[in-house]
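First to last, the sequence lines map onto chains A and B.
The numbering of the first sequence is the UniProt record's numbering, which starts it at 1 and goes up by one.
The numbering of the second sequence is the UniProt record's numbering, which starts it at 1 and goes up by one.
Just so you know, the hints here were simulated from the structure itself, not pulled from any lab data.
Being a predicted model, the structure only gives us computed values, none of them experimental.
Virtual Cβ for every residue (Gly too), placed ideally from N, Cα, C.
Honestly, I wouldn't trust all of these hints.
Claimed, not checked - Covered, in the sense of this in silico footprint (three residues per stretch, anywhere, with C-beta under 8 Å from a C-beta of chain A), are these stretches of chain B:
no.	segment
1	50 to 61
2	370 to 383
3	409 to 415
To be verified - To list a few chain A residues with every Cβ distance to chain B over 12 Å, as calculated:
no.	residue
4	GLN66
5	GLU67
6	HIS68
7	LEU139
8	ASP143
9	PRO185
10	PRO216
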Amino acid sequence: MSGIPEEARENYAKALDAADRRLAVEVVNELLADGVDPVVLLLDLIALAQELVGERWQSGEYSVAQEHAATAVSEAAVATVGAWIPEPVEPLGYAVVACAEREWHALAARIVAESLRHLGWRTTFLGASTPAQHLAGYLHRLDPDVVAVSCSMPAALPAARRIIEAAAEAGIPTIAGGRAFGSDPSRALALGASGWAASPREAGNVLATLRPVVEPVPALAHAGAEEQAELLIRNRELAAQVLSKWLTALGEIGADCLVGLDAEAEYAVDHALHALAAALLTDDVMVLRDGRDWLTTLLAARGCHQTAVPTLWEVLSRTAGSQLPVAARLLRETD
Amino acid sequence: MFEQPVRYVAQAPLGQLDDSALLATARERAAHLAEASKQLAGSLNPERTLRRALHVTVPALADWAQLMMPTRTGVRFTAIRADAPDRFVTVEGARPVLGEVSGHGRVLATGRPELMHVLADGHVPESVAATVPAGVLRDGVLGLRPADLLVLPLTGRGTTFGTLTLARRAGRGFEPEDVALAQELTGRIAIAIDTARIYAEQARVAEVLAASLRAPELPDTPGLAIGARMRAAMHTAEIGGDFFDVFGEPGDWSVLLGDVAGKGAEAAILTGQARHTVRGAAYFDRNPSELLRVLNAALIADGGRGEPATRFLTAICARVRTAPDGGLSVTLASAGHPRPLIVRRSGVVEDVPVKGLLCGALPDARYAEVRRELAPGDMMLLFTDGVPDAVGAAGRYGLGRLSQLVAGYAGSGPHALVEAIDIAVAEYSGTGIGPTDDVAVLAFGGVKQ
Numbered sequence: 001m002s003g004i005p006e007e008a009r010e011n012y013a014k015a016l017d018a019a020d021r022r023l024a025v026e027v028v029n030e031l032l033a034d035g036v037d038p039v040v041l042l043l044d045l046i047a048l049a050q051e052l053v054g055e056r057w058q059s060g061e062y063s064v065a066q067e068h069a070a071t072a073v074s075e076a077a078v079a080t081v082g083a084w085i086p087e088p089v090e091p092l093g094y095a096v097v098a099c100a101e102r103e104w105h106a107l108a109a110r111i112v113a114e115s116l117r118h119l120g121w122r123t124t125f126l127g128a129s130t131p132a133q134h135l136a137g138y139l140h141r142l143d144p145d146v147v148a149v150s151c152s153m154p155a156a157l158p159a160a161r162r163i164i165e166a167a168a169e170a171g172i173p174t175i176a177g178g179r180a181f182g183s184d185p186s187r188a189l190a191l192g193a194s195g196w197a198a199s200p201r202e203a204g205n206v207l208a209t210l211r212p213v214v215e216p217v218p219a220l221a222h223a224g225a226e227e228q229a230e231l232l233i234r235n236r237e238l239a240a241q242v243l244s245k246w247l248t249a250l251g252e253i254g255a256d257c258l259v260g261l262d263a264e265a266e267y268a269v270d271h272a273l274h275a276l277a278a279a280l281l282t283d284d285v286m287v288l289r290d291g292r293d294w295l296t297t298l299l300a301a302r303g304c305h306q307t308a309v310p311t312l313w314e315v316l317s318r319t320a321g322s323q324l325p326v327a328a329r330l331l332r333e334t335d
Numbered sequence: 001m002f003e004q005p006v007r008y009v010a011q012a013p014l015g016q017l018d019d020s021a022l023l024a025t026a027r028e029r030a031a032h033l034a035e036a037s038k039q040l041a042g043s044l045n046p047e048r049t050l051r052r053a054l055h056v057t058v059p060a061l062a063d064w065a066q067l068m069m070p071t072r073t074g075v076r077f078t079a080i081r082a083d084a085p086d087r088f089v090t091v092e093g094a095r096p097v098l099g100e101v102s103g104h105g106r107v108l109a110t111g112r113p114e115l116m117h118v119l120a121d122g123h124v125p126e127s128v129a130a131t132v133p134a135g136v137l138r139d140g141v142l143g144l145r146p147a148d149l150l151v152l153p154l155t156g157r158g159t160t161f162g163t164l165t166l167a168r169r170a171g172r173g174f175e176p177e178d179v180a181l182a183q184e185l186t187g188r189i190a191i192a193i194d195t196a197r198i199y200a201e202q203a204r205v206a207e208v209l210a211a212s213l214r215a216p217e218l219p220d221t222p223g224l225a226i227g228a229r230m231r232a233a234m235h236t237a238e239i240g241g242d243f244f245d246v247f248g249e250p251g252d253w254s255v256l257l258g259d260v261a262g263k264g265a266e267a268a269i270l271t272g273q274a275r276h277t278v279r280g281a282a283y284f285d286r287n288p289s290e291l292l293r294v295l296n297a298a299l300i301a302d303g304g305r306g307e308p309a310t311r312f313l314t315a316i317c318a319r320v321r322t323a324p325d326g327g328l329s330v331t332l333a334s335a336g337h338p339r340p341l342i343v344r345r346s347g348v349v350e351d352v353p354v355k356g357l358l359c360g361a362l363p364d365a366r367y368a369e370v371r372r373e374l375a376p377g378d379m380m381l382l383f384t385d386g387v388p389d390a391v392g393a394a395g396r397y398g399l400g401r402l403s404q405l406v407a408g409y410a411g412s413g414p415h416a417l418v419e420a421i422d423i424a425v426a427e428y429s430g431t432g433i434g435p436t437d438d439v440a441v442l443a444f445g446g447v448k449q
């Protein structure tokens, strides 16, 4: 890809693999000194390498600890690139970049903040998992021209909606981005965001089209939003039910592949319920489909039987779906 | 521009007025006022509130609107037109003379609205000239000729501090009920702007004070990798009773982590005092037991002044000597603080039995030191009781869960370790309301040099 020598790419991957901050920072510093564009470094080196880290965790090649260690190295690399980018003298505007509550993948948002800065925006990055109440306090004080909300996990989409509400209440437009918002604007707009960007590079253009003062977003009144609220209230109880029924069902068909994988099984149920909630809120079955594909890869890599995920969906239909008609329809439509 | 005929909100209907038309008008007014109030209350930022005030005015009540607000040196005019509602035009000006016969000085002095008219012929009456500054703003109004202008006082909490000027084009003047509606709306705008100004002033003071009490940026520590995370129960100010500090010199670092009894601003003030006391004491003797002894003595000496609830603190102090191979030699002393953990590279987790009296309780407390060696890849974890005491659906988070969690992060490095703990505790205690206690974690490990 553009401007990054293969050798640097390999060294960076090596640094992530060995959790070697010093090597990663060295690679980045050398490329910066060679005149490589900071945004190219952020997106085409660091973000790409980080995607591989995610895939390695998903495929079971990396432990959670290794994933965290690699991410911490990338954080240091992004900070190095950030220090290289000068503050814009006459900024195009001021953007606050936030992760919704429960969104712990702060790296992507930090990359957005640094990229926007390079594009000429003044930015403030609020860190991982920012509750809407916390954000509102910042907004009164900072009064940015826009709030950029980053979301990589469906579990954080309901909280992203809260961020959008809080910003709009203060009259501030929002731009949404990240994997959980999918590959077109529909989810972002369904949640009331003023705009959506496919990548930090595109964000600059989208920001230029936003209105300076927006009106409060109307409440989400569709049936799915009500069911999402119900799901949220009963999350704990449902999760326990789904987990025990799922394990029983797997045992009955002789596919008790999750024995000894308690954390993975709990994670899978949690992930599925959050994907369902996010699908309800955005009225978008794709969220659920993406969630299912993600789990399928994850469990297959841990030696699970191929019926594990379809069985989970069946259990979800029986439990959550029996009382929530929109959820039942979405679960049916996943296939 | 302005080709379409406009009907302003609650403009008196033409022709015969029956009861249903009057009722519909009244409803429309009430609805607009309610919506405007909601929007005006949404932000506590003065600039944002000002822009919103123009948006609830144009095009609902006028084709053009201008706000005049005092600044530190003069006044600032901000205006928008209905055909470009997102273009805020701003002009600085001199402060009007209070009590002048026409213009803003008159409205500021009387607190009463003024009506004026601009003819189609281009003649600009003196009263209009005094109200709308020459240049881009006046050109905006003259483009609406013949136009009617209404200047309204922004009065909040007993003072008229600014004005709102509305213009309607083509002789579509302001009927008495239009003026009444505009006055009602202006009253709400004034309160919203005044509230935002008060908030901004207080927030600025609070921010300056809070900045001095917040956790310091970690210094660059060659030979030692340090990760730290802090979450304050008092979310918005990001200050609380937990604190940490790192200082020293290459080869020989000091790490301090502590927890003041109590929460919020009162506790935060004591954390600042504690950090400075320890830093001061470190000029004379860097040994952890001695640093805690001085901290205790200083707290006791100062005991009469503090809030009774925030006169005690627990702290752990470590002196860390680095070796070129990435190993560490750590001397620890504790003042009633939760025991630190060592996370060996192998995944073995050990707690370090170091104890002592909390600071601020007894005048002549003495502290014992404990020494531990860390091999390359080992980490030491310091934390406040906000970690084990975090409350979730299954009760306290507890040391058992913490030990199990950190064992899984053996060898991952201090940054990854503290991030994992931060996430685990936040997820455990649930979302929305935020932690009920301050939470601080700090981990360190040696780096090969």
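We went through each hint and held it up to the structure:
{"no.": "1", "hint": "50 to 61", "verdict": "holds (count 3)"}
{"no.": "2", "hint": "370 to 383", "verdict": "violated (count 0)"}
{"no.": "3", "hint": "409 to 415", "verdict": "holds (count 6)"}
{"no.": "4", "hint": "GLN66", "verdict": "violated, 7 Å"}
{"no.": "5", "hint": "GLU67", "verdict": "violated, 9 Å"}
{"no.": "6", "hint": "HIS68", "verdict": "violated, 4 Å"}
{"no.": "7", "hint": "LEU139", "verdict": "violated, 7 Å"}
{"no.": "8", "hint": "ASP143", "verdict": "violated, 4 Å"}
{"no.": "9", "hint": "PRO185", "verdict": "holds, 21 Å"}
{"no.": "10", "hint": "PRO216", "verdict": "violated, 6 Å"}
When each numbered hint is compared with the structure, violations occur for hints 2, 4, 5, 6, 7, 8, 10.
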